[in-house]
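Put the complex together from the two separate chains, hints included.
Residue numbers (this note's numbering), protein chains in the order written: chain A, 1 to 455; chain B, 1 to 78.
Since the hints were derived computationally from the structure, they do not count as laboratory data. Among these hints, one or two may not hold up.
Covered by chain A, according to a simulated footprint, are these stretches of chain B (three or more residues, beta-carbon under 8 Å) [unchecked claim]:
1. 2-16
2. 53-65
If you want the ones that stay clear, here's a sample from chain B, every Cβ over 12 Å from chain A, calculated [as the list claims (entries may be wrong)]:
3. L47
4. K74
5. K78
We put the CB at the ideal spot given by N, CA and C, even for glycine.
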Amino acid sequence: MIFSAIQKVSSVSPKQIFVRDVAGEYSYSQMCEKAISMAASMPKDSERLYIYMPDSSDLLSLICAADLAGLDACVLNRQFSASEVVAIMDRLGRGILASDTDSPEFVGVERFEYRRLDGPPCRKSSNKLNNSRIIILTTGTTGSPKAVVYTWERLLSQVKKSAAGCADNWLLAYPMNHFAGIQVFIHALLNTSSLSIPAGRTFTEVTDCLKKDRVNAISATPTFWRMFVGMMAARNLTCNDFSISKITLGGEAATEDVLSRLRKNFPAASLVHVYAITELGSCFSVSDGLPGFPAGYLKRKTGNVELKISEGELYLKTESHMLSYLNSDKTIDAVDGWLATGDYVELKRDRVFFLGRKSEIINVGGIKVFPLRIEEEILKTPGVQAVRVYGRANPVTGKVVAADIEIARGYDSRQVMEALRINCRAVLGKYEQPVFIRPIESLERANEKIVRRQL
Amino acid sequence: MDTVLKKVVDIVSDILKNKGRPVTAIDNEKSLYEDGLGFDSMDTAGLSAALEQEFGSDPFMVGEFPRTISDIVKFYSK
Chain A
1 MIFSAIQKVS SVSPKQIFVR DVAGEYSYSQ MCEKAISMAA SMPKDSERLY
51 IYMPDSSDLL SLICAADLAG LDACVLNRQF SASEVVAIMD RLGRGILASD
101 TDSPEFVGVE RFEYRRLDGP PCRKSSNKLN NSRIIILTTG TTGSPKAVVY
151 TWERLLSQVK KSAAGCADNW LLAYPMNHFA GIQVFIHALL NTSSLSIPAG
201 RTFTEVTDCL KKDRVNAISA TPTFWRMFVG MMAARNLTCN DFSISKITLG
251 GEAATEDVLS RLRKNFPAAS LVHVYAITEL GSCFSVSDGL PGFPAGYLKR
301 KTGNVELKIS EGELYLKTES HMLSYLNSDK TIDAVDGWLA TGDYVELKRD
351 RVFFLGRKSE IINVGGIKVF PLRIEEEILK TPGVQAVRVY GRANPVTGKV
401 VAADIEIARG YDSRQVMEAL RINCRAVLGK YEQPVFIRPI ESLERANEKI
451 VRRQL
Chain B
1 MDTVLKKVVD IVSDILKNKG RPVTAIDNEK SLYEDGLGFD SMDTAGLSAA
51 LEQEFGSDPF MVGEFPRTIS DIVKFYSK
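Same shape as in the complex, but just chain B (with noise of 0.2 Å):
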């Protein structure tokens, strides 16, 4: 797997994990949020930290509002 999208495809797991639904495999096109995975405010800010930690910026801190795994992995192949 790409590195970047592995990275991604752990912070997202660990995020789910820690909410007590951890799952073997991520739909990358799936959505975060309620419609999808299930990301509240706080799962999010906690997104964008652990992004920012890794990667040392995150497309949330830009004023983007990546709807997926796959709409973040863009973000980091700009």
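Isolated chain A (complex conformation) (with noise of 0.2 Å):
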């Protein structure tokens, strides 16, 4: 389905751009005929195919070409390494790789060669066009990475289409190995925008990308805006210098820091968060600007879900779900159809507020404590950049706050713990003051997003 989509659009647009990367940009005619290529050489015999290398336009025209030509599709972290792929590709079920590296472990792999495709076409167009599925490794941020298989029709319908979305062109910010990396690409496909992605994910190379293309709309994390926002201040650059008017959030609560700052640097921008889980899909979004959700969402359904809280958890009901985890029956444990998302809520007045994570929850000598709030009062100090609160093991309550926080350059460390102390003091109740609390270089980041397993 994801190829009728992009088939579709080059017959109406052909030469509209879809995407820019390092090696050039593609109109929707160019990649829907590369598309069509890579399909037309797959080996007749494969089940799947699993890509592995940076992101690009290749990337993008193999996902199109495994749905045409039948395949399943699985977008490898490129962080793995070669036996780390190896031994994926293994436990979730052998296929073929493409890939643009060669390495010793991949022997014995079946190998596409994207690149070379001068052959006689060996693979005619699937009749299975509607049920090819993509597979999507989780983060593992929570826990062991779990391979969630959508099909392109259920994750096509979660998305919103606008007119005017022929005149946005997106910054592929998240990899496309991530649920929302794939999110972007398809709200790209479907609204006839453009994609660019950046030659690295450094702050030179993103804004490089961002100035060279031109790129007015941006969907990440909030921990990537938070250094966005830093390394502008730090080398005084301001929202002219860039033509951004649409900011996307995802991935990680949308605090009011990150909120405020991009309202103040950005301040003509759109500012959208959307609630997503890879297993649930694309669930809502937010568009005022406030973190949190509007109370009014319980009362309708909204997007693709119906909302409610219990007992403090927020509970979700939709359609638009992952069929399973891969080569599991294991699916949404959902009860009379309510799926329960382990993110705790509060309702005041006529706002939802999200505490936190279930599974992130610190029992400090008996009394819950959420790591969220922590770190949203943490992060109005001035000087800290990004922080992970997490408990750590005492001796005498079982377990206290803890805090590890990036520094942002140019900010003297003892000052910023000194005013962070004085700070949670004041604010925070006696169960959450952090009482170990280490500056270090940098927080673990996986998928622009911090990651927060239990030490």
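Structure representation (structure tokens):
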């Protein structure tokens, strides 16, 4: 179905630029033709295509080609080693591998040489056009990565379309092995927008891409945005140095600190945050620029979902969730169709605020503490660029609150730590006080999200 | 003042200051807890964490329960 989508746009707007990457720019019709050539050359016995390469127009064409040829597609994290790639292929089930890299580890792996398509076509177009699947490995920021399976039909049904979308040029800020990367790709496609893929993920590479391609729309995590506005300040850049008019946040809770920084730095840009879970899809969005979501969302169907709160946890009902985990009968645990999200929330007057993940609660001497609230307060301290709050074992209370903080360039770490302690003492409860604080050079990130695995 | 003693006194003083109970001089033999300086469980957890951060270990971690500053100093002189 993803191939049908690109073919449809290509027939209406063939010359519209779809993808820009380091190698050049490609129209919808060019991307469509590339996918057709690739599909025709895929080995006829294969059921699955694994893609292991930097994000690029080739990668996107391969995804479309796999669908046309009736193969499932699975984009692998480029940060995996070759041996990890082979291990995953063994775990999930063998298929063919399209990769820009050679490795001794790949001996015995069937390769698809997508750069050499001069042989005779060996595969007819599939009769499974509406049934091929995309397999997405979860981030693994809170546990081991799982393989989530969607049909393209189900994913495409979640996308909102707008007539003005053809004027948008989106930055691909999420990697394509990530659910959010796939979301940005299909959103751009179904809205006949353009997609710009930066050469890399450093601030310089991203800003070079933003300026060269006049990117106006970016969807990224709050962690990405905190770093981005921090680097803007460090380099005396303002919104006038860019063309950004649409800002979307996702993947982590959009807290007041990051929203207010974005409002201040990009006052004319629209600000939307999206609630999505890999297993449940893109659920709903909030466009008023405030944290949490309106309580009115609990009273009616919103986006693809119905919402309710039960015992402090957010539940939702949606038809657009994943099919299953791969090689497993395990699907979503639902009671009467209601799915537990694992997110604790609090209803305050006309707004619902996120308190944090159930799995991240810290039990301090019997008192349950939510790291998210503490992080929000810590992030208000000038000089704190990023923070991770977690529970640390303590012989007296079982756990205490600990915080690892990244200090922004140009700030004195001792002064920041002192200001942070004063701020926390003024605002947080006794059991929420971070007892163990350490400045570190760089918090562990995966796919632009802070890793929150319990230590 | 002995270095270990000074560090422990500084840690205890900080905790008292944060409780809004700054002191100019602490009696090393006075109880840290409710019958003395008034440490509750969170203060004691903070004391344990601060000692671990400073010295790499703390008496609470190994099952001891020091009553006074002197007890803590004795732990580190073993």
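Each hint, compared with the structure:
1. 2-16: This one is violated; 0 residues, fewer than the three required, reach chain A with a Cβ under 8 Å.
2. 53-65: holds (count 5)
3. L47: violated, 8 Å
4. K74: holds, 18 Å
5. K78: holds, 18 Å
Of the numbered hints stated above, those contradicted by the structure are hints 1 and 3, listed in ascending order.
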